[in-house]
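**Q** Now for the letters of each chain:
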Amino acid sequence: MELIKLTIDNRPVEVEKGTTVYHAAKKLDIEIPTLCYMNLADLKIEHKPGGCRVCVVEVEGRRNLAPSCATECHDGMVVKTNSMRVLNSRRTVLELILSDHPFDCLICAKSGNCDLQNMAIKMGVRSIPFQGEKSTYKPDYSPAIIREMDKCIMCRRCETMCNDFQTVGVLSGINRGFEAVVAPAFERDLDHSECTYCGQCVAVCPTGALTEVDHTPQVIRALADTAKTVVVQTAPAVRAALGEEFGMEPGTLVTGKLAAALRRLGFDYVFDTDFAADLTIMEEGTELLDRLGRFLGGDKSVKLPMLTSCCPGWVNFFEYYYPDMLDIPSTARSPQQMFGSIAKSYFADKIKVERKDMVVVSIMPCVAKKYEASREEFKVDGNPDVDFSISTRELAALIKGANIDFKSLPDEDFDKPLGESTGAAVIFGVTGGVIEAAVRTAYELHTKKTLDKVDFKQLRGLEGIRSASVDFNGVEIKIGIAHGLGNARKLLDDIKAGKSHYHAIEIMACPSGCIGGGGQPLHHGDSSVLKARHKAIYSEDEMKVLRKSHENPYILKLYEEFLGKPMSEKAHHLLHTHYFAKKLRHIDID
Amino acid sequence: MAKYKMHMLVCGGTGCRASASDMLYENLKKEVQEQGLDNEVQVVTTGCFGFCEQGPIVKMIPDNTFYVGVQPKDAAEIVAEHALKGRKVGRLLYKDPVKKEQIPDSKHMGFYKKQIRIALRNCGLIDPENINEYLAADGYEALGMVLLEMTPETAIKEVIDSGLRGRGGGGFPTGVKWKIAHDVKGEQKYVVCNADEGDPGAFMDRSILEGDPHCVLEAMAINGFCIGATKGLIYIRAEYPLAITRLKIAIEQAREYGLLGKDILGSGFDFDVELRYGAGAFVCGEETALIRSMEGHRGEPTFKPPFPAQSGYLGMPTNVNNVETYANIPVIINKGAKWFASIGTEKSKGTKVFALAGKINNVGLIEVPMGITLREVIFEIGGGIKGGKKFKAVQTGGPSGGCLTEKHLDTPIDYDNLLAVGSMMGSGGMIVMDEDDCMVSVSKFYLDFTVEESCGKCSPCRIGNKRLYEILDKITKGQGSMEDLDKLRNLSNVIKDTSLCGLGQTSPNPVLSTLDNFYDEYVAHVTEEKCFAGQCKDLIKYEIIPENCVGCTACARNCPVNCISGERKQVHLIDQSLCIKCGACLEKCKFNAVTII
Amino acid sequence: MTSVKLKLKENDVQKIKEICKSFNNEPGELINVLHKTQEHFGYLPAEVQEEVAEGLGISVAKVYGVVTFYSFFTMLPKGRFPISICTGTACYVRGAEKVLDEFKRILKVPVGETTPDGKFSITCLRCVGACGLAPVVMVGDKTYGRVTTDGVKDILKEYENE
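Protein chains in written order, with numbering that gives the first Met the number 0: chain D, 0 to 589; chain X, 0 to 596; chain B, 0 to 161.
Errors might be hidden in some of the hints.
Dumping the calculated BS3-like pairs for lysine-lysine here, alpha-carbon to alpha-carbon at most 27 angstroms [as the list claims (entries may be wrong)]: (1) X:LYS473 / B:LYS97; (2) D:LYS582 / B:LYS8; (3) D:LYS4 / X:LYS303; (4) X:LYS385 / B:LYS8; (5) B:LYS14 / X:LYS389; (6) B:LYS8 / X:LYS580; (7) X:LYS230 / B:LYS20; (8) B:LYS8 / X:LYS536; (9) D:LYS530 / D:LYS477; (10) B:LYS14 / D:LYS582; (11) X:LYS303 / X:LYS230.
From chain D, some residues computed to sit far from chain X (all C-beta separations above 10 angstroms) [what the hints assert, rightly or not]: (12) GLY50; (13) ASN81; (14) GLY131; (15) PHE177; (16) ALA223; (17) THR228; (18) LYS299; (19) SER407; (20) ASP492; (21) GLY524; (22) GLU550.
Hints were generated in silico from the structure; no laboratory data involved.
The beta-carbon is built from N, C-alpha and C at its ideal position, and this holds for glycine as well.
The task is simple: from the sequences and hints, build the whole structure.
**A** Spelled out as structure tokens, the structure:
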């Protein structure tokens, strides 16, 4: 690769040809501010519209200022990133953006975590010289995501995630000029669109325009209600990221502190979604073996590949886009929902609490889980299996609000019986983890042999679509894995065209799996954060003694005492579901 | 084939058509037939003659009689008198406003004397719907020469040596642009003609496309050969239906004659042209936005580099040029670069088409050599200020340009000179303003346009221009402050310095040039809350001068809000609390009794 | 953008499919498809946009984003006599703003909308290119030149009994 030399702020730097000024500056530890540029290098997502004009720099010989994110270095280039001309322009551009922005910081969900606010603080803005019309839009409250477009700065990151990466295509820039904004078709609300609530738009929004619905008030009310037994479950991906909200390094496992914090918040029972993940494997693994068995035995009516179904964003996606293929995903519910179902039946019975007096709260890296919890089929006589799902960020807010010093908490364990889990459960949090967990169990159940190595490295990695095969005693089982709905679509289109040769496919809607979920601590465009969380998840798996779901003694007890066996009628009733074809046409609405 | 003794050329440009020139054409044809002259006299619709103020135009060949303001009902007289008896119809001849004498031949008219029509060479001469007429006017000779006697490199050199610069406004050397596209490797290259003439008040490209569509097709084919492109696209405004029709006809005819399509003239070179339609977005005149629009997207520009020559339509090397730029190409090849370079100034060769409009006597389309002064254009060709009023300013470059004043009138027109005095060439719109035009209002008008047309992608243009407009609006309402004037300047400079595309980068020009040249007017609006030009509604009053009012009641009868009171033969009075400042009373008063203060 | 609902008949849906097919169902031809579709229906209500999206295999949001970007496309039916007032510089300098205000005042509709009886709609045009006749107003295909504030009511009178 050709190397070129340039000067930035009087400092020399050498870079490969094709590098932009922004990245060349980074090499010198010069962080040029930006609001729209986003480079998730590890996921190969680069969003570079060159629209915010905040990252502009002075380039000798160029008439006007250049956007550093979109300007390639040339040999001998002389760049100034903080001359008075640049600073004046940058500040004016920021003032313009602020002149069209509500001053809601005191009550904005993004306060303290907002790229725009941080920039205003850094530049010391004390007044806005431009008073004028402000864009106002009706706020949009959906079950999972809130859109407050008054706060939109037209960075278009959400558009890129929704259209290019997720290929859901709900969002687009509309109108022109000052009235331009990002919205669904016809400016309908999200819950009248094909939004899957994957939350990737929320994950990348630099301001408070896109945030998750806040369920913490409801959780606090439940905790304060002495008549209620409040049970909490927490997803695998949470423990690998929660620490970041308290200043810890990305990738720090905080499982023990997480349990301790939940206890101190006042939850009556601190359980683990991982328990239900093991349960999911029992059900889904059995379902997979059943289908595989019949298929390999020559039954032409069996639909393969089987698709995982624990990701609610993914479920919404195939209900909208593949409504004629609703019989191929697994019928197993997600761990969140299985947990709720078991908590309000099996566990409620055990502690002799009535269903109506139990409140199940889940801590999820996800915003789609909020929608999932509200689905009608996951309620019994109107009472939901999971009452409230809150995100990792909301939990952090609760902990901070309760004046708990998270970092100094001791490590504690989850309560039993719904708190015990295996390593197979924790890897649900990453792409490839669900299917690896399923394989660990399916292999042993089918071959009746014990695995000498439980690590299936061929299923791991961060490439968007991966293919692997696992040898089930001479039978080659072909497995497909995708994360990101755009990648999922490719696999689904292959199935539709009859070109798919997989037996099982794992899909996660979010990049790198749940650890990259819409409810996680914001990565602010740094994909190395996701890589660190990815590593942490696998290390927790390795540290566990029990690493296969079917070895979880509490799971075995649950079947023995309550469910009978996987796919039993009771299991079907409580732990399985079916799907609904969704289609939106203007004529059906309003 | 009949050999005609006489041709009647009827202007078929949109302006004249709006005054029923198509009916005039039909009537002339009918009359010629009825008089049994259809073997001797041919009636032809041509493109725009340029003298729009005096339209509809009919020109007689071979004696070059130039009739103006011809109505459909005049057809009979023209045929009876001029065709049959050889006698000119005096009342339809152009009368010089100053010398008051009739001028039958356009060569001697003040409007035409200093013009050199190169890009417009065929407009008003040939029937644009007949390829044979184009061929007879040396049409497609250049293409033949290039394909059969030149190489891409020699042809590009000719264009470089001619000194031709982009006529769309950017002024980039055309030959150099072609060379860059030629040098880039690509499996499929494209040639794009930018016919999205969006500057309000500009109709140069429209006239060329309506009057001489083939010259653009020929030039695009030459361009294709030079850079190695086999596909041409013309991006044309949806608001130009006549131009679209004429282009479609031209493309069909060219294909029929093998001048477009496969193996043109047996050279082995394939080239064909398709039309793409704009949909009402000024920003799509910017080449990267144009390309995005052709690809089926919102017309949001992309940053440059990469330039379209490197990565354009569908990511392929693309050369984009303006209609007028293309119109010059065939004649450069035919007559040579040296000839073209002999016209114009040192750095700006050739001619420029301008759409001269505003408070001027001779509104119309003109083509002048680079280097001619603004004074010559406005006062000689333009015939001076309408109604004998005082010249105040001339705007060139549309919403991207600046207002030049009295002191700039002797500036020789070329790309660099206009930039140096705070304006720019632009695509060719030239609007003349007089003492009744308020420069703050003009500035606000242009910003209103920019705010409407901004695509919204980048912050400085989307929000900055809106804020500029709001400040100007405040000033026109007497609510501005001196601080606002500083804000206007600073904000304008930042918008220019940081905007993503040419639209934003030039949108503050009207503000900056009027602040520079008419600062006193701004100050008057701010400190005295006065609009001396009498335009800003909130700062003016319509009043009746008692001494001049005879009580004819014309004003009161025509007032849309009934705010004028007065008996017959008594002095009338305007109720200021109801007056909406529409100006109808001023229009109607024949006694100079209504004034603006 | 405000809009008017429309229930599509089977042959309407077929027509849209045909138009998309005539452009090879290419997503890049969206603007050409919208032109042809608007030509046929007179405007582009949501139902039509949904069919176009389906025909070209793109998202409805994308179609809406393009429709709302370009001034030529409308989601509201135009009046039987669409009035276009040229507000280009040449016409502006010759008083087009006052003419526009007068139309708005008499018809009581803002720019971009249609009178309740569906007769007239007002839009602004940027330069018809008949600057010699400034200010210019078009009603349907008919062009009126040198329009004065006074003359507005006379123009409207021509369509009184239509």
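**Q** Confirm or reject each hint.
**A** Going down the list of hints, with the structure as the test:
no.	hint	in the structure
1	X:LYS473 / B:LYS97	20 angstroms, holds
2	D:LYS582 / B:LYS8	19 angstroms, holds
3	D:LYS4 / X:LYS303	22 angstroms, holds
4	X:LYS385 / B:LYS8	57 angstroms, violated
5	B:LYS14 / X:LYS389	58 angstroms, violated
6	B:LYS8 / X:LYS580	50 angstroms, violated
7	X:LYS230 / B:LYS20	22 angstroms, holds
8	B:LYS8 / X:LYS536	51 angstroms, violated
9	D:LYS530 / D:LYS477	26 angstroms, holds
10	B:LYS14 / D:LYS582	22 angstroms, holds
11	X:LYS303 / X:LYS230	23 angstroms, holds
12	GLY50	5 angstroms, violated
13	ASN81	15 angstroms, holds
14	GLY131	4 angstroms, violated
15	PHE177	5 angstroms, violated
16	ALA223	45 angstroms, holds
17	THR228	52 angstroms, holds
18	LYS299	43 angstroms, holds
19	SER407	43 angstroms, holds
20	ASP492	22 angstroms, holds
21	GLY524	18 angstroms, holds
22	GLU550	54 angstroms, holds
Taken one by one, the earlier hints fail for this structure at numbers 4, 5, 6, 8, 12, 14, 15, listed in ascending order.
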